[in-house]
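Enquirer: Taking the hints into account, I'd like the entire structure generated from these sequences.
For the protein sequence lines, the chains are A and B, in the order given.
The first sequence begins at 596 in the working numbering and counts up by one.
The second sequence begins at 48 in the working numbering and counts up by one.
To be clear, the hints were calculated from the coordinates, so they are not data collected in a lab.
The structure displayed is predicted, hence computed values, not measured ones.
Take these hints with a grain of salt, some might be off.
Stated by the list, open to error - With a straight-line Cα cutoff of 25 Å, these simulated DSS-like cross-link-like pairs (lysine-lysine) come out:
hint	chain 1	residue 1	chain 2	residue 2
1	B	K103	A	K718
2	A	K715	B	K168
3	A	K789	A	K805
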Amino acid sequence: MALAHPPHLKRGDPFPEKIAGKLRLYSMQYCPYSMRVQMILAKKNVDYEIINIDLLNKPTWFMEKYPFDSFPVLEQDDILLAGSLVIAEYIDENYSKPGERTIPQDSYEKGRINMMIEDKFTKAISAIYQGLRKKENWKENSNIHVGELENILETNKFFNGEELGYADYMIYPWLSYIGHQGIDDVMSTGKFTKLEQWLKTAAQEETIRKCDTKPEILGKFLTGYTTGTFDFDFNI
Amino acid sequence: MSPPRHMTNEDPFPEKTKGKLRFYNMRYCPYALRARLMLTLKEVNFETINIHLRKKPEWFLEKFSAGTVPVIEIDEKILGESLVIAEYIDEVYSKPGEQIVPKDPYERARARMLISNLFPKVISAVYQRLKKEENWKVDFYKYFDKIEKILAEKNFFAGDVLGYADYMIWPWMRYFGPHCVDDALTEGRFPNLERWLTTMKKDPVVVKCAIPPNILAKFAEAYVTREFVYDLE
Numbered sequence: 596m597a598l599a600h601p602p603h604l605k606r607g608d609p610f611p612e613k614i615a616g617k618l619r620l621y622s623m624q625y626c627p628y629s630m631r632v633q634m635i636l637a638k639k640n641v642d643y644e645i646i647n648i649d650l651l652n653k654p655t656w657f658m659e660k661y662p663f664d665s666f667p668v669l670e671q672d673d674i675l676l677a678g679s680l681v682i683a684e685y686i687d688e689n690y691s692k693p694g695e696r697t698i699p700q701d702s703y704e705k706g707r708i709n710m711m712i713e714d715k716f717t718k719a720i721s722a723i724y725q726g727l728r729k730k731e732n733w734k735e736n737s738n739i740h741v742g743e744l745e746n747i748l749e750t751n752k753f754f755n756g757e758e759l760g761y762a763d764y765m766i767y768p769w770l771s772y773i774g775h776q777g778i779d780d781v782m783s784t785g786k787f788t789k790l791e792q793w794l795k796t797a798a799q800e801e802t803i804r805k806c807d808t809k810p811e812i813l814g815k816f817l818t819g820y821t822t823g824t825f826d827f828d829f830n831i
Numbered sequence: 048m049s050p051p052r053h054m055t056n057e058d059p060f061p062e063k064t065k066g067k068l069r070f071y072n073m074r075y076c077p078y079a080l081r082a083r084l085m086l087t088l089k090e091v092n093f094e095t096i097n098i099h100l101r102k103k104p105e106w107f108l109e110k111f112s113a114g115t116v117p118v119i120e121i122d123e124k125i126l127g128e129s130l131v132i133a134e135y136i137d138e139v140y141s142k143p144g145e146q147i148v149p150k151d152p153y154e155r156a157r158a159r160m161l162i163s164n165l166f167p168k169v170i171s172a173v174y175q176r177l178k179k180e181e182n183w184k185v186d187f188y189k190y191f192d193k194i195e196k197i198l199a200e201k202n203f204f205a206g207d208v209l210g211y212a213d214y215m216i217w218p219w220m221r222y223f224g225p226h227c228v229d230d231a232l233t234e235g236r237f238p239n240l241e242r243w244l245t246t247m248k249k250d251p252v253v254v255k256c257a258i259p260p261n262i263l264a265k266f267a268e269a270y271v272t273r274e275f276v277y278d279l280e
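Expert: Structure representation (structure tokens):
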């Protein structure tokens with residue numbers, strides 16, 4: 596069952612009053628960084644409200660109250676956090692049942708996974724955006740940096756290791772773009788067989804299914820990278 | 048005694064000592080200094096291999112394909128990325144109760160926000176000045192006004208006491224002063240930052256890891272000339 600998404604608030608829309616004690620996520624329906632957070636919130640069964648923001652026409656109150664360079668934003672009473680990895684880690688720490696942390700707890704494993712996210716994932720994500728925007732050399736960069744992800748899967752079935760876990764959630768939103776909107780020929784070269792298999796398996800995983808966007812809807816949103824016009828609410 | 052030379056592709060792989068932490072460094076790299084500060088703070092028994100970043104040894108790239116420093120290696124374990132390494136060292140090598148990364152989840156998240164979201168912008172502004180880019184003052188004042196405001200409200204980026212966030216930004220603040228960047232903290236615009244700089248310079252860990260100011264300034268010339276020279280000491 597997919598998440599219910601309210602309309603995206605834009606300039607002129609009033610500030611939705613906060614509810615004391617309630618966790619609020621300022622989000623955007625197709626934002627991959629927001630999806631990272633939503634997956635961890637779903638996995639921990641956290642009760643929260645979504646306030647969607649039109650990122651190209653933000654309400655003035657949003658820019659004044661939340662002057663961060665990172666998105667999404669989490670708020671609960673006096674608690675205020677911004678940035679997908681910062682929030683994901685906070686949720687995992689605060690809302691996990693004992694012994695059920697999603698983020699690896701062994702110091703070295705955690706370091707290894709975080710290193711993968713900071714280095715390899717960041718570069719692959721950048722290459723995917725270059726592909727969406729048809730920047731020069733995007734195919735070459737995709738081959739290199741998405742290729743690095745294929746290399747990781749040569750050793751392990753999942754980015755997190757033997758089983759699907761934190762690292763897989765943290766990269767899924769961008770890898771789900773492959774196959775859409777002009778970066779489909781990254782996959783169709785047949786070079787990334789492990790990634791293709793991973794994508795099929797990950798798309799069926801319970802938490803990912805809860806937060807995923809239907810391919811045809813995602814494809815429609817991604818046309819914005821080519822046309823320059825994004826519609827945030829056409830699915831609502 | 049001079050520090051070890053920066054190893055190039057012509058140098059053979061220096062054999063490891065089993066069980067000993069090896070730190071791959073570059074003497075003037077600010078990211079690597081983050082790791083060095085943590086290793087020094089925690090009194091880790093480690094050895095340093097300096098890497099020539101323009102002539103990287105193959106054996107280094109085989110271990111860590113990104114080819115950046117810092118990297119730490121303990122037997123089979125290899126970690127790169129300065130903040131990943133800093134947190135690892137704090138977790139594994141701290142005496143009980145002496146971790147400097149905040150323990151409270153919200154405090155830690157706020158520290159991460161500062162270090163991962165705001166500090167990179169501050170760092171970028173410092174590089175613009177080091178490279179003497181034309182409009183360096185725009186971003187510089189924008190982001191330095193923000194950190195000045197933080198230091199107006201508390202003694203340190205970490206709070207009342209010098210801590211993790213302070214060490215993580217120090218490597219880029221070393222340049223300010225008559226030895227190198229003498230035109231940025233001007234007109235009394237950043238009195239709290241100047242106070243913080245004075246205190247940081249006296250911190251024992253900072254002192255232990257200090258590069259002589261004239262050497263640092265000499266290295267920094269490369270940001271303009273693009274001719275990097277590594278073995279300056």
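Enquirer: All hints, please: hold or fail.
Expert: Status of each hint after checking the structure:
Restraint check for K103/B and K718/A: the C-alpha separation of about 21 Å stays at or below 25 Å, so the hint holds. Between K715/A and K168/B the CA atoms are separated by roughly 21 Å; this keeps the pair inside 25 Å, and the hint holds. For the proposed pair K789/A and K805/A, the alpha carbon gap of about 24 Å is at most 25 Å, so the pair holds.
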